[in-house]
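Let's have the full structure, built from the sequences with the hints guiding it.
Going line by line, the protein sequences match chains A and B.
Take 1 as the starting number for the first sequence in this note's numbering and just add one per residue.
Take 1001 as the starting number for the second sequence in this note's numbering and just add one per residue.
Hints listed in this document are in silico derivations from the structure and should not be mistaken for laboratory results.
There may be inaccurate statements among the hints.
[Claimed, not checked] On the chain A side, residues computed to face chain B include the following (Cβ under 10 Å): (1) His6; (2) Thr119; (3) His252.
[As the list claims (entries may be wrong)] What follows is a list of derived Cβ distance ranges for each label pair: (4) A/Thr368 with B/Glu1276: 31 to 41 Å; (5) A/Glu180 with B/Lys1347: 48 to 58 Å; (6) B/Pro1212 with A/Arg376: 41 to 51 Å; (7) B/Pro1038 with A/Gly97: 20 to 30 Å.
Because the structure is a prediction, the values reported are computed rather than measured.
Using N, Cα and C, we set each Cβ at its ideal position, and we do this for glycine too.
Protein chains: 2
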Amino acid sequence: MITSFHPPQRTLMGPGPSDVNPRILEALSRPTIGHLDPLFVQMMEEMKGLLQYAFQTKNELTIPVSAPGSAGMETCFVNLIEAGDTVIVCQNGVFGGRMKENVERCGATAIMVEDAWGTACDPQKLEDALKAHPEAKIVAFVHAETSTGATTDVKAMCDLAHQYDCLTIVDAVTSLGGTELRVDDWGVDAIYSGTQKCLSCTPGLSPVSFSPAAIEVIKNRKTKVQSWFLDLNLVMGYWGPSGGAGAKRAYHHTAPINALYGLHEALVLLQDEGLENAWARHAKHHNALRAGLEAMGLTFVVPVAQRLPQLNAVSIPEGVDDAQVRGLLLQDYNLEIGAGLGVMAGKVWRIGLMGYACRKDNVLKCVTALDDVLGRLGAPVNHGVAVAAALASYGEK
Amino acid sequence: MITSFHPPQRTLMGPGPSDVNPRILEALSRPTIGHLDPLFVQMMEEMKGLLQYAFQTKNELTIPVSAPGSAGMETCFVNLIEAGDTVIVCQNGVFGGRMKENVERCGATAIMVEDAWGTACDPQKLEDALKAHPEAKIVAFVHAETSTGATTDVKAMCDLAHQYDCLTIVDAVTSLGGTELRVDDWGVDAIYSGTQKCLSCTPGLSPVSFSPAAIEVIKNRKTKVQSWFLDLNLVMGYWGPSGGAGAKRAYHHTAPINALYGLHEALVLLQDEGLENAWARHAKHHNALRAGLEAMGLTFVVPVAQRLPQLNAVSIPEGVDDAQVRGLLLQDYNLEIGAGLGVMAGKVWRIGLMGYACRKDNVLKCVTALDDVLGRLGAPVNHGVAVAAALASYGEK
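This is the structure we're talking about:
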């Protein structure tokens, strides 16, 4: 007979899920009510407002998709693209490759613009592609590459796309709530994120937002959206955008009620902290972590100007066994850090400082634990100096 | 400023979500761990075994899709169907219509076999369609129609489909855990369910299972699955089927960790009760509810032999305002019952007795509350007799 599963208390400093705020865990266990209950519909309206704040947008169609971030990505692509379309995808890591898969599975053509993993997408390369492909309808790229920790200048990319009459799809899975993101000011037409990164929530939902121009495209498609579940023409009947608390909601699918309680609580926490304060907090603790790791002699993959505070990719020192280190951190410290993905597998660690996990005690725990484990394995790093360097970054001894 | 959302304690006797067992709510709030954590992978293996038991199958590919039941439906269709295929869809309610949408969005042709809403699918009509359409590759139908409360003879339908070399897709959203369901004995090739019905869990996940013959079709497709998120060729790399606790898991998407804790707990509860005991419990309380409702003079939509115990569709008495009654039940009793869907909107109520909601106290609460509200509204029903009739069904006075 199988018995109840009781997970240990880990410290989650990988690429996500990140530590979940206890208030959010408690919210998940509140009583389930119906997905058409008038009180639930009120909560949905609040959720839309809270998400608009997090995304810094007035877009009416700003909702959580009832599935993880990859379904949010798919929502953007299947709704905006029809077979035969051309889409420019700027790739600088794993998730640009997933965008290409999405484009092709819609029967469209992906024009790939490649940049080195660990660097930003280059607007100049995008402009060259836009000139070479006047048939392109959409430009897609990742704001914060979770596989490398590099950030891209969203406004510069969107301005170019619009100059060439393209709409933009932006992956903000790792950026939302962690670093500056301004959907309206930057001209993003479709954006998706995840709940399990800088929002400190559990995985399973994907906040998305669509500009009026994107909605026009969706409403005027020649063909039906290939996914019934993700068809925004149907989803809008349940979530709005023009619903309002008094309007009648049409049943589409059964919303993940308790998961939405969790996201609502996460967004209330973000609202109460203030978005700019959350961004500043991620920067502050990143600086301390960086000081500690660099004091040990570890080096960052991404150039400073393009580096995300919430996803720290550092090279694994020569001769060190990636899996052994991560295994010891988990076994002895209940500390999870992330492995490399794709071409970076075995070469880098990805240390997350996301949402509730982005705290001083976690920074110190991480550098202490790494210092100990790498020391025991005889790795070629400087020992006993990391904590002091991190504390100095906080202005403390 | 928006504050935390604190839902009331409802009694959920609609078509789902149903009442969630408090043990499951508590499980949702356990500490989040990583989706590649060795302990999480162990939990996933247990989950597969528990789902195999619930579905009564040895199918290796038996997993929860990381999204609600409609995504489980889509998983079955997009993986087994390619453009140009012919699929026979037997429709006797809302969800057969959704199957048709799925078929057509795959670029395939749906041959519709229609039966009256509130009755079972007729195997004879299926055989006629199979004879008329030798090009058909798949037969799809609903085991337990959530929109009407009618059940269909799965084994008879699957036997016919196989005689004509078709695979079968079966919707078991409302049946799993509530009424007899034997995937292997009955010859089901692909099946999907939901967590928020007779499993008493929160909504958001969709258990699915695929036979070896179905997996062969998926592995030998000529074209890629149109959904990246739901592509089982990729999902299998994370969930198995041949994984085993020691095998390496490939990252596909981030699993909804805490929602899976809840489903694991729900399945442990089902295992501990015993599947046959759960089926018997649903039948017992249905009989009591039926006795009470019929004593009031309310009539069931579905003929006795085709009636589901867990979803009771009763006709709304002449001159009674559907929404007013449901509104008073919610306002005065915190009791949710379901409205009619599709052509049955405004004509029937759907009273659920699913999972943890399927208890004697709920049966008595429901007939008492209905008796009171219908009495206050002067509805043409017999008052003051329902509770006694329900108690008599339990063998009590």
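These are the hints, each one checked on the structure:
{"no.": "1", "hint": "His6", "result": "7 Å, holds"}
{"no.": "2", "hint": "Thr119", "result": "22 Å, violated"}
{"no.": "3", "hint": "His252", "result": "8 Å, holds"}
{"no.": "4", "hint": "A/Thr368 with B/Glu1276: 31 to 41 Å", "result": "54 Å, violated"}
{"no.": "5", "hint": "A/Glu180 with B/Lys1347: 48 to 58 Å", "result": "54 Å, holds"}
{"no.": "6", "hint": "B/Pro1212 with A/Arg376: 41 to 51 Å", "result": "47 Å, holds"}
{"no.": "7", "hint": "B/Pro1038 with A/Gly97: 20 to 30 Å", "result": "27 Å, holds"}
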